[in-house]
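Novice: Sequence:
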Amino acid sequence: MKGRTSKALWVIGSLVALTAGLGPACTKPPIEKVFEQAIGSPSVSTPSVGKRSVAFGTESGDVYFYSKDGRYLARFAAIKEVVSAPAYDEKMDAFFFGSTSYVFHAVSALGKPLWRFATRDRIKGDPTIDNGVVYFGSYDGHLYALTTEKRKKKWIFPPRDQAAGATEDTAAEEADAKAKESGEQTAAAAGTPKEGEPAAGAPAAEAAEAPKKPAIKPEAFAYSKPFVADGVVYVGNMDHHLYAVDAETGALRWRFKTFGAVTSSPWVHDGIVYFGSNDNHLYAVSISNQKAVWDKDLGAWVNGSPVVHDGVLYVGGDSGIFYALDPKTGEERWATKLGGEIKSRPAFVDNLVFVTVGVGQSGLYALDRDTGKVFWSWSSPDIIESDPSVDGRMVYVTTTGKKFLGFKVNATTAK
Numbered sequence: 041m042k043g044r045t046s047k048a049l050w051v052i053g054s055l056v057a058l059t060a061g062l063g064p065a066c067t068k069p070p071i072e073k074v075f076e077q078a079i080g081s082p083s084v085s086t087p088s089v090g091k092r093s094v095a096f097g098t099e100s101g102d103v104y105f106y107s108k109d110g111r112y113l114a115r116f117a118a119i120k121e122v123v124s125a126p127a128y129d130e131k132m133d134a135f136f137f138g139s140t141s142y143v144f145h146a147v148s149a150l151g152k153p154l155w156r157f158a159t160r161d162r163i164k165g166d167p168t169i170d171n172g173v174v175y176f177g178s179y180d181g182h183l184y185a186l187t188t189e190k191r192k193k194k195w196i197f198p199p200r201d202q203a204a205g206a207t208e209d210t211a212a213e214e215a216d217a218k219a220k221e222s223g224e225q226t227a228a229a230a231g232t233p234k235e236g237e238p239a240a241g242a243p244a245a246e247a248a249e250a251p252k253k254p255a256i257k258p259e260a261f262a263y264s265k266p267f268v269a270d271g272v273v274y275v276g277n278m279d280h281h282l283y284a285v286d287a288e289t290g291a292l293r294w295r296f297k298t299f300g301a302v303t304s305s306p307w308v309h310d311g312i313v314y315f316g317s318n319d320n321h322l323y324a325v326s327i328s329n330q331k332a333v334w335d336k337d338l339g340a341w342v343n344g345s346p347v348v349h350d351g352v353l354y355v356g357g358d359s360g361i362f363y364a365l366d367p368k369t370g371e372e373r374w375a376t377k378l379g380g381e382i383k384s385r386p387a388f389v390d391n392l393v394f395v396t397v398g399v400g401q402s403g404l405y406a407l408d409r410d411t412g413k414v415f416w417s418w419s420s421p422d423i424i425e426s427d428p429s430v431d432g433r434m435v436y437v438t439t440t441g442k443k444f445l446g447f448k449v450n451a452t453t454a455k
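Just add 40 to wherever you are in the sequence shown, counting from 1, and you've got our numbering.
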């Protein structure tokens, strides 16, 4: 009996020693990559999370639908590149997105077509859904507001004429046919319009201000995502302006001029709209008087989009520096150099702020919100231009290396 006890104690001791030796190796990292799925084409589209699926677009025009744990579910062919992040409507359990074939699509959570709507040029910006209406811009110089369920045209800013006898369905079919025939040269017969110009043959915009003033004719509503607050839609334009448009009527409320294209997506907080410009500045503009409360030179184009979270303004730009600022004054709380262009909008999990970095030291970074110190990072061999998309403890990104990745947050503080 004594011998058996000694032997048993020796085995237990050995197991304890072995477990202790392997302990550090067995401990999960604070943030871990839980899946990496190969997709058929490069992607800069931000993954959009719904109840049943995660959707994102690709350069080939394919929109993919995956489960939240990384399993392939379905695919929708939009013919040409889908840059924008699909907008998810919880009531319909559906996704909405535009493509460079000039067509805006509504599909189910598994990619079944619901409806489509044709514009007159490429659609690259992310759409926004608010109170049953989807808002999006196009390179044709117009901002659109459509009802999500019926595709009813609420308004178009500035207004445009509908060609006699044409319908949105036939226009969409014609756009699809042109995209198929011309490949990369969409609407080749009419000539491919330059960026910032309306499509060839598009009618002049109607006057958006008093008759005595020149008609306002915006250039391209390119990458800027509309932000809806208190009955107003805010969105940037390539003509150097931020536009404020009445969400109900589509009438111009006001616009604010910068000295560079506004591809940054605005954010509204406490009566101030925040946005970046390619004149290297971040702007804070009062909604009540349309004057700058402050502006800050960030040293390079500000294509990144600001967010106010827990009373702090976060934003990055092409300088590769990510900032935490006082939203009232623009004063720096901290600034962290990440070494690559930041064109994304940050996302948050507890005390961490997640940022993607593109050209340069491309990767996904998690910073401490209080100090700006890098808590964790993952280097990517490919460029990441999608925003980090957060769902609970999961963070999703896409890459130009034809990858869709999911990361799980196990801990947000060092042990």
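Don't read these hints as lab results, they were simulated from the structure. In this text, a Cβ means the ideal position worked out from N, Cα and C, and glycines have one as well. Any given hint might turn out to be false.
[Stated by the list, open to error] Taking CB as the label site, the calculated pair distances span:
id, residue 1, residue 2, range
1, 288, 453, 29 to 37 Å
2, 391, 255, 48 to 56 Å
3, 72, 388, 14 to 22 Å
4, 115, 300, 31 to 39 Å
5, 68, 369, 23 to 31 Å
6, 388, 421, 32 to 40 Å
7, 131, 401, 34 to 42 Å
8, 422, 153, 29 to 37 Å
9, 110, 294, 43 to 51 Å
10, 300, 388, 25 to 33 Å
11, 187, 410, 30 to 38 Å
12, 373, 190, 25 to 33 Å
13, 153, 107, 39 to 47 Å
14, 152, 400, 38 to 46 Å
Novice: Now, for every hint given, state plainly whether the structure supports it.
Specialist: Hint by hint, here is what the structure shows:
1. Between residue 288 and residue 453 the Cβ separation comes to about 46 Å, which falls outside the hinted range of 29 to 37 Å.
2. Residue 391 and residue 255 have their C-beta atoms about 50 Å apart, which keeps the hinted 48 to 56 Å range intact.
3. In this structure, residue 72 and residue 388 meet the distance hint of 14 to 22 Å, their C-beta atoms being roughly 19 Å apart.
4. The hinted range of 31 to 39 Å is satisfied by residue 115 and residue 300, whose Cβ atoms lie roughly 37 Å apart.
5. For the pair residue 68 and residue 369, the supplied restraint of 23 to 31 Å is violated, since their beta-carbon distance comes to about 41 Å.
6. Taking 32 to 40 Å as the suggested C-beta distance range, the pair residue 388 and residue 421 does not conform, at roughly 26 Å.
7. At about 41 Å, the beta-carbon gap between residue 131 and residue 401 stays in the expected band of 34 to 42 Å.
8. In this structure, residue 422 and residue 153 meet the distance hint of 29 to 37 Å, their C-beta atoms being roughly 30 Å apart.
9. For the pair residue 110 and residue 294, the supplied restraint of 43 to 51 Å holds, since their beta-carbon distance comes to about 45 Å.
10. Between residue 300 and residue 388 the CB atoms are about 28 Å apart, so this pair conforms to the stated range of 25 to 33 Å.
11. Look at residue 187 against residue 410: about 43 Å separates their beta carbons, and that is not inside 30 to 38 Å.
12. Separation of residue 373 from residue 190 is about 46 Å and departs from the stated range, judged on CB atoms against 25 to 33 Å.
13. A hinted range of 39 to 47 Å is violated for the C-beta pair residue 153 and residue 107, which are about 21 Å apart.
14. Here the CB-CB span from residue 152 to residue 400 is close to 40 Å, well matched to the stated 38 to 46 Å.
In this structure, the hints that do not hold are numbers 1, 5, 6, 11, 12, 13, in rising order.
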